[in-house]
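Visitor: Based on the hints, put chains X and Z in the right spot on chain A.
Protein chains in written order, with the numbering used here: chain A, 1 to 287; chain X, 1001 to 1290; chain Z, 2001 to 2279.
No lab work stands behind these hints, which were simulated from the structure alone. Beta carbons: idealized from backbone N, C-alpha and C, even for Gly. Be aware that one or more of the hints could be misleading.
Simulated coverage check for chain A against chain X, where a stretch passes if three residues somewhere in it have a Cβ under 8 Å from a Cβ of chain X [as the list claims (entries may be wrong)]: (1) 142-148; (2) 173-183; (3) 254-261; (4) 265-276.
Label pairs and their calculated CB-CB ranges [as the list claims (entries may be wrong)]: (5) Ile2212(Z) to Val1021(X): 21 to 31 Å; (6) Val1021(X) to Phe2219(Z): 14 to 24 Å; (7) Leu2173(Z) to Gly1229(X): 38 to 48 Å; (8) Gly1016(X) to Asp271(A): 54 to 64 Å; (9) Ser141(A) to Lys2243(Z): 48 to 58 Å; (10) Lys1062(X) to Ser10(A): 58 to 68 Å; (11) Arg1286(X) to Gly220(A): 44 to 54 Å.
For reference, the chains in residue letters:
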Amino acid sequence: MDILTLNHVSYTYGRGTPFCVDALRDVSVGFEKGKITGLIGHTGSGKSTLVQMLNGLLKPDEGQVLLDGADIWEKPKEIRSVRFRVGLVMQYPEYQLFDETVRADIGFALRNMGTPKEEIDERVREVAGFVGIGEDLLNKSPFDLSGGQKRRVAIAGVLAMQPEVLVLDEPAAGLDPRGRREILGGLCKYREKNHASIILVSHSMEDMAAYCDNVVVMRGAELFAQGTTVEVFARAEELQKVGLDTPQISHVAAKLREAGIPLEGELYTVDGVAEAVLKLLRGEGKA
Amino acid sequence: MKELIRCEHLSFSYEGEGSNVIPALRDVSLSVGAGEYVAVLGHNGSGKSTLAKLLNLILTPKSGKIVIGGREVTTPDFTEDDLFDIRRKVGMVFQNPDNQMVATIVEEDVAFGPENLGLPREELRRRVDDALETVGMTAYAQHSTHKLSGGQKQRVAIAGIIAMMPECIIFDESTAMLDPMGRHEVMDTIEHLNRDRGITILHITHYMDEAARADRVVVMNDGSIAMDGTPREVFSQVERMRALGLEVPQATELLYRLRREGYDLPADCLTAEECAAALKELFSSRNIAE
Amino acid sequence: MISDITLGQFFPGKSLLHRMDPRVKVLLAIAFIVAIFLCKYVLTYALILLFTLFLIAVSGIPFSTILKSLKPILFILVITTVINLLFTGGEGEPLFSWWKIRIYEVSLWRAGFMALRVVLLVIAASLFLTYTTSPIALTDAIESLLKPLSYLKVPVHEFAMMMTIALRFIPILIEETEKIMNAQKSRGADLSSGGLIRRVRALIPIIVPLFISAFQRAFDLATAMECRCYRGGNGRTKLRCYKIHFIDVFMLLLFSVLIAAICLGNRYLPGIVGWGYSL
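Bound conformation, chain A alone:
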């Protein structure tokens, strides 16, 4: 079952001017409920536009965006309610911080939703926990935090709405490996707790391989590929041809298979390749 579906969606920036650019051309794609779907593509492939379609920041020129089967633009005046259900974390979200305290900033969306005061406080503390922001930081000014902490507060500000679908544009960009793991791990926890679906935009193929169930690939304003992570990464050569890198480990696996070593399994994570190699080595040991 798909929670979000794009039905023949097209969008052009600057329509009717000499500067118009096609950002999406007849894109039909589904995002599976309860799963983590990765969205890959170059800068300018249309991914950012697609992301802004999902919570109604942009309205398709043609086609529909369906949330749980219903067109989100059926009642344009109620588009805000869609934004509460589809939480969007934009790239470098730390620039959205504005309030006096971390607590107030995380609670901003809840105040917009009209959530009762007591509940706001409780929810703020809960989501701060998901992203590893301790109780002691809640009364600080968000501007006194470190870069990584600011990022997490900003993400918590969207999680607070308890959206059914969470869309994140490069949530870990510019962070070191530990910071990446903490944020992506926190998102996985949130998903389990709230049975949410996640759509993750990232340039890091390693992260895609490690966290995503499904992958959607965009290229030149069009859909290039979609499927499970196994299916999409199996087309590593095609991906490389369109200039998208695959994890280093998949190159190792490809080279071994070329040499006639029959590796099998999830050959795009270190775990997967290690397992496949060990299976062969041990199988030989038993024989």
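Guide: Chains X and Z alone, transformed into the frame defined by chain A:
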């Protein structure tokens, strides 16, 4: 090798809230030779950016000594003229490409530094053209800086530094905000500057795949130097790197896991080719490949 | 989209106007304003209109872009036209009369002239100063024209540098505003409903981050400039050099002729043709 930069027992701390002092560097000693390509690796807050800012004299050390090109920069008789002389010799490329460009037209931005040096017009023209060619942006000389991609903007920023004819360029996480294509462009440019121009490179990053391309990797942790060696020496210490919150290349990690299972494999493979070759050898010694 | 606004955007090119010396262009822009305000009669208006069309033709900027640049002033245009139509009296029989509203023929002309003036002013200024002149060239020109003032201790270089930087960051800040608005809308911010006070309050989540980011950028840029050995205007040389070419002389002459023609027109037209509405 001639020494270009030497730091002795360098310490620095930031003033925090109230009388709080946040130490950022503790007793760092480091020597960089002319023409070296050094990557400084470390997680956020490890002190690697502070080190860069000290070397470019944006910050002044609380204690310790910095010597650049034989000139000690931490003495009291160091004048403003000396300061600008050092800044010309040691250029710096920052993280956010938008926040380091002054002009709206590419070639005019590149000219900004040399213009400050007061060079005659013919020399300015020559240097700007040469710098743009070095970074492969000649075709964009008259373009608006605003419309460029992130990688192109960083290359223009690099050209702006090259036009001042520095001996050393410090890249302060200059790839952190770029997409993979932009990172490739900048990394290739850095390599070109080092190999073909002999410019000393200090590349500060937290991407281990970038660090692996350098001649030497310095790993920072908690304000001090935790490791210092060739990429092979550093990345072969998988457990140590993990403890420092860093990663190693996937190829290195795979062989590390297999070694722990008792297989005899090299520890210092960095590339997919090396790793695949090592595994092929292992398989063929056990007659698995046909 | 906010970034649709083209007012103040440079279009790189190699047209006649692009190749002119920016200092001459600044002078001509001023001359054009003078010329417009000298116009009094239909014929002189026609002359300056023709001249503007000529400028558009030689600028190589598409006509549609120029029309689009007028969008931001549409509001002012409508207001001034309406005021001119309704509230400036006239003599004789009104063309149209209803309740207390009377529209006279002369008001019609006056409103038309006024609108034309504003439109031509914006078009000429954009053509000379922004579309065909890079902001850097423009600041160079202003710096160079104001240079004599620096002997009076007026910080001309600093002023020019500030302008350059402001121009450089305007498109970036516009983009940033849009990004911040989207981020806050994604958190359910309602920017378009409620009374005045609510609307102003709703701007806080946008203005605060915008200021913080602008200060951060200013700080970063200052550091980067220092690292590139910037120490004020003293001893600085310039890559760009401007020379007066034939085209500059030609345009200066053409403008002199234009202004002379308008002056002559003002003097003699009433005697030659009996009509022509003056303001």
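Visitor: So, against the hints stated earlier in the document, which numbers end up violated here?
Guide: Per hint list: single violation, 8.
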